[in-house]
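Asker: Residues per chain, in single letters:
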Amino acid sequence: MVDAGLLDAIVQGLITGSIIAGGALGLSLIYNIAEVPNFAHGDMITIGAYLALVFNNPAEIPFLPAFGSAPLPAAAIVGVVLAGALGAAYELTIFRKFRQKDADIITMVIVSLGLALVLRNVVLFLVGSKNIRYESASVSNTNFDFLVTGAGMTVRTTQRQAGDVVTTGLWGYPWWLLAGGLILATAVGYGVFRAYRREEGFDTVYLVPPKILGTAVAIATAIVLGALIQLAPQGTDPIVATRIGLSIKHLTIVGVVLAAMFALNVALKTTKFGRAMRATADNMDLAEVRGVDADRVQLLVWVIASMLAALAGVLTGWFATNLTPNMGFTLLLPIFAAVILGGISSPYGAVAGAMIIGVSMDVSVYLLPSHFATYRIAVAFLILIGVLMIKPEGLWGDV
Amino acid sequence: MSVLEIRGLDAGYGDLQILTDVDMTVGEGEYVTIVGPNGAGKSTAMKSVLGLTTYMDGSIALNGEDIAGTDTNTVVSKGVSYVPQSDNLFSTMTVRENLLMGAYSLEEVPEDRLREVLDRFPILEERQMQRAGTMSGGQQQMIAMGCALMVDPDVLLLDEPSAGLAPDLVVDMFDKIDEINDAGTAILMVEQNAKEALRRCDRGYVLVNGENAYEGPGTELLNDQEVRERFLGG
Amino acid sequence: MSEDSSVAPSPEETILAVEDLEKHFGGIVALDGVDLSVGSGITGLIGPNGAGKTTFFNCLTGFYTPEVGSITFQGADITGSRPAAVAKSGMVRTFQIPRELSEMTVLENLLLAPPDQSGERLSGAWLRGDAFVDDELSVRERALEMAEFFELDHLLDEPAGNLSGGQRKLLELARALLTDPEMVLLDEPLAGVNPTLEEKILDRIHDLEAQGYSFLFVEHDIEMIMNHCDRVIVLHRGEVLTTGTPEEVQTDDRVIEAYLGEVDV
Amino acid sequence: MAVADFLITLVTFIAIYSLFGIGLNLKFGFTGLIDFGHVAYFMVGAYVTVVLTLPADAATYGGIGGFDLPGLFAALGPLGSLFGWVLGVVGGMVAAALVSLAVGVPTLRLREDYLAITALGIATILNTVVKDEDWLFNGPYGISGIHKPLVDVFPLSLGSFTVNMAVFGLLSVAVFAYVAYWLVNRFREAGRTGRIAMAVSVGLVSLWYFVMPAIDGGTVELTKNVLWLFDPTAGPNGGLDYDRFVLILAVGFLAGGYHWVERTINSPYGRVLRAIREDEDVPQALGKETFQYKMQGLMFGSALAGAAGALWAVNIGFVSPDQFASTITFFAFTAVIIGGTANNKGVILGTTVFWAIRNGTRFIDVPSQYSIQLAAARLILIGAILIVILYYRPQGLLGEQDYDIDLPGSATGGSDDV
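Residue numbers (this note's numbering), protein chains in the order written: chain R, 2 to 400; chain V, 16 to 249; chain D, 2 to 266; chain Y, 391 to 808.
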């Protein structure tokens, strides 16, 4: 039996971070461009999760006829689109009006708080407070045991099937392969980094910063190599061993959030309207002088942010395997922490902040005595306060 | 026909009236300067054209069409371009992105226009990918000017273009403005550096306390004893 | 630096000494090594727009922290001090755009200013001893006097937000003077003030100067600076271009070039 | 249950939450600090008071304490234990103020939106600590068997049934008379719409309180409602029962807190606080150490929340961490904004409106399986009211209050005509 260790805590932290990042992407848009510290964002996440539930598992909603069940991905797409329409409604009926009155940031905070109260209780009113699950195929965890032995490394995968732990795979890598693979992966990553980097000396703007791209390519190469070349086990008597638990669910969540982040970044950096959004965030008066219709920008911000919130909601509900009217609100604090930590001005910042928060939450739970597990969110918060004490404008500031 | 014609304009901010019965005209291809003491309403007059102030009374005609009280982005799409005195670029965006934002009101980015602007301000081409906020004051002023020129405006409004520039840059800046004007763009400029501005412009207005005080050809105002004593420091 | 020794304050007269002050904003160098000393009397600070005058004021009064350099006021190093500490040490500033407290009345705006009021402390406010009443009465008397002088006395109970632009300037100035300063930093105190009032303000400033107050003020009106200042500092591109008596500065070619444009008339 | 009993419970609630709201108003209304963690001080005040006054051998309690202050002073005489309890309340208030001091040091320098979120975060953390650390205050099991001041004295009987009824009944009627007098004066001052609103609401309330019981339940109900301080079923001869005492206690604390805050606000000190709210740079430029003022405002407001917590514990007789969720803070914000930010009377009015909506709807007859729906509907209504008020009447029902520093021999009476 191999125990889950620090490595597993980090991997779990990245997954937690992805869930937070889903919410942080939308919140940072609203925060930065609409200039609303949106306390309703958590409840927008909840609403999104329940909108998908309407199509995925209507039988759970009291006043709805059980009209059948759409697969979760399809239901999620419909839910996200509907959430976008709701986002437009928030902007048109509430936030646009307050903006036209030049409401200050305190007023915006309290308005969003009022909206939060309404949204959460609409869910309670319509669905009630019971725990509900999505209708979806159950996904089993695969444990990857990494055993470092004198001859190299052995990997063993196990799964729980019908109550028993079954070994589903056993292979290994000799030392020479490990070393060679790592060198190759590093070389590929560095090559990509060099090829991608241009015009040294300026603050060149990239869609993906070269260092991050290089690192990501190196890690991906190592994983692909490891998956392709599986040699005989190198013994099962480990010097050091550690376990990581993973499932397709986890990988999907991370993948979807990273894809959303990348799509948002491409939209903001390369499209005309995306540029208009960034310009509005930077200097709203000047954007108007340049011919930007600020109302349209704000409308789109609320639509996109609500859709991202709904996406986060579906992922959260699927990950936690249950939905409650409070699910979003409990995420609100880590999401705010991530956004303030990452600086409110870029999708990458929001995701980076979320990952820092997620990893520190799970790693601290791993490192601290077991009864501290309930302080996961507190840890996120202490990090935020610590950072704000040193840099009151956030880790990367507003630029 | 004049490009811009302001008649009897009253405007201000909220309830506060700054301008009273202001008249101003900018002819096609003309270079007009507004001078006057601080707080006289020079910038307010300019912002009123763009719909950035509270319109109260009077008329503002652009190419014969009344635009008083119209939305800023509508005014801009009709051929007015504006360079604010400060906060006149998107500091978190690159120089290139700033220029593209300059052409935002057009369907697509006019490549030939972009070329022209880059030729006029070579430093901008060199630094295309740099964040605008990290550039020096003079360079930032060039970006702002370049952005405003992206739409090939009928009239270019400049709010104190020489503010904060070193003396040698000030001369450069005025030379650039001359060039732009020579290429056919009408210019309405507010300038604190009154002597230089009046020397170069076709016509000038002196605003005092939100009202027209004097007007005439630039050199004439420059040589007018009273104007000199009151506003040009003797 | 072309400090003219004949007009630079001698060390014992120097009230405010600034050495090598630098402040950056992104790529813009707002202050690029400002060296100057200010003595008693009225000192004018001029310079074209964007020369760094307001940034300089903000650094002096603790609203910005300069990256490099030191500020010495009456022998004490106040570099990086908090604004309140600077004000308490006797250097008070006005804001270029008046910052009246718009929801409070004109009287309340004035009453706020005097230092060390007994009722300003929590204990004083709760216990309300004799000192509380005496202080409040004397503060009111001074505020009324000041209001009368600045012709604000008919507006005492108006919310300050209802004042006109010129009246706000006056309120700002009156409030600063009520703090019992040694030196007052005035950021364009006369912009938008009508000529008769302007004259009055200048008279008052001269009165106060005679009583031992010192002034450093930013102004655009050259004539005013030339007629009313003992000494003039010209700031340009974040540096001190020159200092001297009004006559000297007025005839300095570099000043004329920087501030008034090319000399050709 | 007679309407009077329901109203006594409701008004006790309103008094406690008004005190809580006045603490918030000092922070938010007068100083401009958005403290989204206000409930934390309510909790600290409640727990610390409870533990300071709890007997050492309290059953089913495994946390630190109890320190039994009332028992300690009981030897001094009948009022000794009351003194002990008051000391406990002071301890709770001081603890709340000290906790807010610790919270304020890192957060008060932050931007207002960052302050809001960090304050909310810290309150959530404190709540988690109380819930998870059993050794501290008994964790999720809460504390029961709370010391109730003077509980042995009640029901208070002054003699025979008739004497009790006469004394407490007359007192009840006197209170009604005072309320009527006050209402008539307000009515005279009010404008046309105000008069109509007053007439309609007073009419409806009287109809509900005096006329309906008379029709429904006959004279017994009516008597109970009119002589509301007198409880004929309490003790052998009837008298003043403990619930009514708690009401008087809560209203007394509210009155004390109200005047204390008024005295603070109507002073040069309050002037500085309001200046900070409007534009912190100005008082700073004039030499006021604004950070200290903000800190004091935060601590004072938190202490009042702590006192409200102490009363809450006495009123409910049981404290547990889930009574102190952050929604309580949001309710208080809503109440303050409805009544009028920076208006202490407005806080009381807003709290009354809020709790009337929240609890008054219990008279709507819905089947019990829909109770969640009813509760949710109330909160939807409250959230919507909050947004609508902020849009159409951001100053709240009453608007900002007037300020006047009382000075003997001064002609200019501050700004009472604004």
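Hints were generated in silico from the structure; no laboratory data involved.
Treat the numbers as computed from the prediction; the structure is a model and nothing was measured.
Among these hints, one or two may not hold up.
As the list claims (entries may be wrong) - PhoX-like, lysine-lysine: derived pairs with alpha carbons at most 25 Å apart:
#, chain 1, residue 1, chain 2, residue 2
1, Y, Lys-521, Y, Lys-538
2, V, Lys-93, V, Lys-191
3, R, Lys-273, R, Lys-131
4, R, Lys-273, V, Lys-191
5, R, Lys-250, R, Lys-212
6, R, Lys-131, Y, Lys-521
Unchecked claim - Among chain V residues calculated to face chain D with C-beta under 10 Å, some are:
#, residue
7, Leu-31
8, Gly-148
9, Ser-151
10, Ala-178
11, Gly-199
Ideal placement from N, C-alpha and C gives every residue a C-beta, glycine not left out.
Asker: Each hint needs a verdict: does it hold in this structure or not?
Answerer: Hint check:
no.: 1; hint: Lys-521(Y) with Lys-538(Y); result: 23 Å, holds
no.: 2; hint: Lys-93(V) with Lys-191(V); result: 24 Å, holds
no.: 3; hint: Lys-273(R) with Lys-131(R); result: 45 Å, violated
no.: 4; hint: Lys-273(R) with Lys-191(V); result: 29 Å, violated
no.: 5; hint: Lys-250(R) with Lys-212(R); result: 28 Å, violated
no.: 6; hint: Lys-131(R) with Lys-521(Y); result: 22 Å, holds
no.: 7; hint: Leu-31; result: 7 Å, holds
no.: 8; hint: Gly-148; result: 4 Å, holds
no.: 9; hint: Ser-151; result: 6 Å, holds
no.: 10; hint: Ala-178; result: 4 Å, holds
no.: 11; hint: Gly-199; result: 26 Å, violated
When each numbered hint is compared with the structure, violations occur for hints 3, 4, 5 and 11.
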